[in-house]
Structure formats: C-alpha cells, structure tokens
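Student: Residue strings, one per chain:
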Amino acid sequence: MSLPIYLDYASTTPVDPVVAEKMMEFMTPAGHFGNPASRSHMFGWHAEAAVEDARQDVATLIGADSREIVWTSGATEANNLAIKGCAHFNQRKGKHIITSRIEHKAVLDTCRQLEREGFDVTYLDPDSSGLIQPEMVAEAIREDTTIVSIMHVNNELGTLNDIGAIGKLCRQHKIIFHVDAAQSAGKTPINVEEMFVDMMSFSAHKIYGPKGIGALFVRRKPRVRIEAQMHGGGHERGMRSGTLPTHQIVGMGQAFKIGFETLEAETARITALRARLWDGVVDMEEVHLNGSDNQHVPGIVNISFAFVEGESLMMALRNLAVSSGSACTSASLEPSYVLRALGLNDEMAHSSIRFSIGRYTTEEDIDAAIAQVRVAVEKLRLLSPLWDMFKAGIDLNTVQWSAH
Amino acid sequence: MAYSEKVIDHYENPRNVGQLDESSKNVGTGMVGAPACGDVMRLQIRVNDEGVIEDAKFKTYGCGSAIASSSLLTEWVKGKHLDDAEQIKNTQIAEELALPPVKIHCSVLAEDAIKSAVRDVREKQGS
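Line order of the protein sequences matches chains R and D.
First residue of the first sequence? That's 1 in the working numbering, and the numbers climb one at a time after it.
First residue of the second sequence? That's 1 in the working numbering, and the numbers climb one at a time after it.
FYI, nobody ran anything at the bench for these hints, they're computed from the structure.
Do not take every clue at face value.
Distance condition first, Cα-Cα at most 16 Å in a straight line; then the derived EDC-like pairs of lysine to aspartate or glutamate [stated by the list, open to error]:
id : chain 1 : residue 1 : chain 2 : residue 2
1  : R       : LYS93     : R       : GLU227
2  : R       : LYS379    : D       : GLU12
3  : D       : LYS57     : R       : ASP388
4  : R       : LYS379    : D       : ASP9
Bear in mind the structure is a predicted one, so any value in this text is a computation, not a measurement.
Construct the complete structure from the given sequences, taking the supplied hints into account.
Tutor: And the structure:
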C-alpha cells in the first residue's frame with residue numbers, strides 16, 4: 001500500500017500501463033506517427049487503421065456501430081457538441097430542452113448558453129435518492145421539446161438512472177435522447193440499442209485512458225443530425241474538425257477494450273470493496289449514505305459525517321485523496337448543488353465526503369481509509385459545537401443562527 | 001488548498017478547546033456563523049473583577065482556517081482586558097495565519113465571535 005491512498009477515481013483515473021505502452025507506439029519517429037487523414041502514404045494508412053480499430057473498441061463497449069463514434073477532446077466537448085449541435089439543427093421544430101438539476105456542469109452550462117440564445121430549458125429535480133424517474137421526464141415533455149439530456153451515472157452520488165425507460169419514452173415522442181455517460185462507461189453495461197439512446201458522451205480519463213480525449217456516439221438509424229461546433233477540415237464526417245490525435249485515440253480504444261473485458265469481474269470486486277468501506281463506518285453515530293442504496297454503480301460512495309465540516313475532515317485525512325461536497329473546497333463557496341438538489345440540508349452537504357473506488361484499490365486501502373476516517377471524525381466532533389448541541393439534545397433546526 | 005504552517009499547527013494542535021460554564025456571570029459566550037454556511041464558532045471567555053480575561057475556550061465547526069482562527073484567538077485574548085480584546089481585528093488574524101483571500105471570512109467570523117463574547121459578559125455584569 002502506498003500513501004496517500006487514492007480514492008478519487010470518479011475525478012480521474014491513472015492511465016493503465018498497457019494503455020500507456022500502446023500510446024507510445026504512435027508518437028515517435030520509430031512509431032506510427034502519421035496523420036490519419038493522410039491518404040497518400042503508409043504513415044497515414046497505419047495511423048488511420050489504428051484510429052478505426054479504436055473506434056471499434058469504443059463502439060463495442062456500448063453496442064454501437066463504429067461509424068457512429070465521433071472523437072472529441074473529452075466528455076465536456078461531447079456534451080457541448082451533442083446538445084448545442086442538436087438544439088441548433090432542430091430549432092425550427094422546437095426550442096425546448098429537458099435536463100436535470102444534477103447534471104455535470106458541462107451539460108448545465110451548455111443549457112444555460114442555449115437559454116441565452118432563446119431556448120427554453122426544464123431542469124428536473126431528482127428524487128431524494130438522486131434519481132431521475134421516467135415519469136418526471138414524461139411530465140415535462142412538450143410539443144416543442146427536441147432534446148432530453150439525462151446523465152447515466154451521477155458523478156457525486158454514483159446513482160444509476162433507468163436510461164432504458166427514459167429512452168423508450170423519448171423514442172415514442174420522437175425526441176432526441178442524449179446521455180452523459182462519462183461516469184458509467186466501463187462501470188455498468190451499456191447498450192445504446194436496448195436503451196434507445198440517440199447520443200452518448202464519453203471520456204477516456206475516467207476509464208484508465210488518457211486525459212484530453214473523448215467521444216460522442218451519434219445514432220445513424222434513425223439518423224440524428226447535429227450542427228458542427230468546430231469547423232475546419234471536415235474530419236469526423238464534418239461533425240468535428242481537427243487532426244485526430246492518434247495516440248490519444250489509440251489509448252482510449254485500448255482503455256475501452258480493457259473496460260469491456262473486465263467489466264463483470266471489476267464490478268464484483270468493487271462491490272465487495274464498497275461494502276467493506278460502508279461496513280467499516282456505518283456503526284459510527286450520525287453517518288448517512290447519500291444517493292440511492294440499490295440503484296448505483298459500486299465505485300462511488302458519498303457519505304455525510306454529520307456535525308463535521310468536509311474540508312476540515314479532508315485536511316485530517318491527509319493520507320487519503322477523496323473529495324467533498326463542502327463549500328470550502330469549491331471556488332464558489334457554495335456547497336454541492338447536487339446534494340442540495342436532493343433536498344439535503346446545507347449542513348449535511350458541507351459534511352459530505354465522496355470516496356470513489358477503482359481498478360487499483362485494494363482491501364488494505366479500504367481498511368486504512370476506514371481507520372483514518374474514524375479517528376478524524378472523532379477528533380473533529382470533539383471540536384464541534386454542533387456535536388455538543390446534538391449530544392445535549394438540541395435540534396439544530398430550531399436554533400436562530402447568525403448567518404453571514 | 002495549500003495552508004500555511006501556522007494554520008496547520010493550530011488545526012493539528014488546537015489550543016483551548018472546550019467549554020466554560022455558560023450560566024456563570026463571569027463567562028461571556030459568542031456563538032457566530034451557521035451550519036448552512038459551513039462554519040459555526042463558539043468562543044467563551046471568563047473575566048475577573050478587573051475585566052481581564054483569565055480563560056478562553058472554543059469549539060468550531062468549519063474548515064481548517066476557521067478552526068485555526070478561533071484557536072489563535074483564544075491564545076491572544078487570554079490576559080487581555082475586555083476593552084483590548086474587542087479591538088482585535090480580523091486583518092490581524094488573517095495576517096498572522098497567512099490566510100488566502102477565499103478564507104478571509106474565517107477571520108471575520110473570529111472577530112465577530114470575540115466581540116459577541118465581550119458583549120455577552122458585559123450585559124451579564126450590567127456594565
């Protein structure tokens with residue numbers, strides 16, 4: 001076990017050494033460094049073949065045709081391309097978009113931009129476990145709705161939405177369905193046919209691939225049409241111009257291939273680690289699991305340790321790399337909008353820690369994490385006036401606070 | 001966030017953690033902040049008949065800077081007269097702990113806490 005222990009896999013993952021090794025073959029003079037768009041020589045052909053193999057590997061993980069995969073710089077760009085590109089293309093049909101309040105900022109901020117351009121956006125509130133139910137989407141659909149964008153797995157909570165049910169609904173209403181799958185690829189089975197998904201965003205670095213590369217799945221049958229956001233040489237069938245970064249793409253392909261092959265075994269292993277972590281802290285007082293206890297990916301565990309502030313807790317957990325929903329860890333000084341959207345009070349949002357478990361997490365890591373968390377929470381509670389009040393039987397909601 | 005050594009020292013070895021008898025006439029309590037904002041400080045002082053602070057205790061729910069600000073404050077006010085204690089400015093705390101700009105509000109909270117505690121003990125003593 002090496003210190004600090006990395007339990008922030010939902011933030012990013014290390015590149016799998018097999019992936020890194022493969023990437024190295026596509027950069028140096030001795031390797032296949034050619035431009036995949038060069039049609040006139042071997043260098044280009046080799047690079048193009050590698051790019052197409054990778055495209056197939058990404059398609060295989062999600063049950064798509066490789067021609068439906070468009071390379072982007074990451075999931076942020078894929079989300080922008082999907083939502084803006086589709087909203088703009090279909091604006092004569094309608095200008096209403098449905099999304100949720102707990103999407104990633106790459107979706108929310110894109111929708112805000114479209115609102116500035118005159119589009120109308122409905123932001124669905126999740127239920128108290130952080131899920132978007134198909135009925136919520138059904139109720140929000142209007143005559144002029146053109147896109148529904150709902151994430152597969154929430155990055156803070158790990159909650160897993162019923163994408164198939166929402167997809168079916170959208171297909172019945174002939175509405176384009178976009179899914180941000182940055183947190184779900186390689187973590188839970190995906191099949192874009194069975195789930196009626198029209199567009200899906202991916203990122204390589206969440207699944208042991210390199211940063212700076214992602215992809216957008218764009219359905220061919222029935223065909224989804226989008227307006228390009230990046231103009232230039234007409235790469236990627238005109239949907240996204242720019243010279244393809246062969247080494248990045250090859251890395252993403254290899255990462256998705258490994259993700260596909262190890263999905264089942266890894267899910268079982270990480271599920272056991274999750275249970276081990278939760279069992280190790282659940283007997284402490286006032287510890288709450290945020291999100292859904294049955295509809296989630298195993299790798300993300302979001303826990304509120306009441307009466308302890310998240311940032312100071314992370315400071316005490318110096319040998320653990322985790323993240324917090326606390327205001328103090330964000331530039332905006334606002335507590336997590338995701339946790340607040342669940343109806344959690346602000347205090348619980350400030351007290352939350354997200355542990356995310358991944359490929360290189362061991363049982364020893366989890367045991368060490370549990371030990372550190374227990375010591376730190378105990379120490380900080382002894383420092384906490386709120387803990388004193390709780391122990392004295394005072395209901396904090398009845399106290400008149402001097403908010404600042 | 002990178003903290004200064006002084007913040008880390010106060011955070012790891014907080015001084016004067018605890019509670020004084022709130023009902024005592026010689027004890028002033030200042031409770032400031034709100035759980036919703038992510039920080040709550042409770043600062044208590046005990047004064048002698050001359051108005052000099054003999055003891056100070058704190059408990060803080062909040063980030064490392066908030067804990068350090070209140071810990072430092074208890075050290076500073078001990079032995080000070082109430083008149084001098086209430087003159088402590090947040091800028092002095094922020095400077096001593098080298099707080100980054102986003103953490104200045106922690107030192108403001110500490111200043112509010114001592115002012116509030118001084119006011120409380122004065123009201124109790126009817127002066």
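Student: Quickly compare the C-alpha distance for LYS379/R and ASP9/D to 16 Å and report which way the hint goes.
Tutor: Answer holds: LYS379/R to ASP9/D is near 15 Å, not above 16 Å.
Student: Just to be careful, I want the Cα atoms of LYS379/R and GLU12/D compared with a cutoff of 16 Å; is the pair within it?
Tutor: holds (10 Å)
Student: Check the hint pairing LYS93/R with GLU227/R against an upper bound of 16 Å on the C-alpha distance.
Tutor: This hinted pair holds, its Cα atoms lying about 15 Å apart.
Student: For the pair supplied as a hint, LYS57/D and ASP388/R, is the alpha-carbon distance within the 16 Å limit?
Tutor: holds (14 Å)
Going down the numbered hints, you'll see the structure goes against none, and every one checks out.
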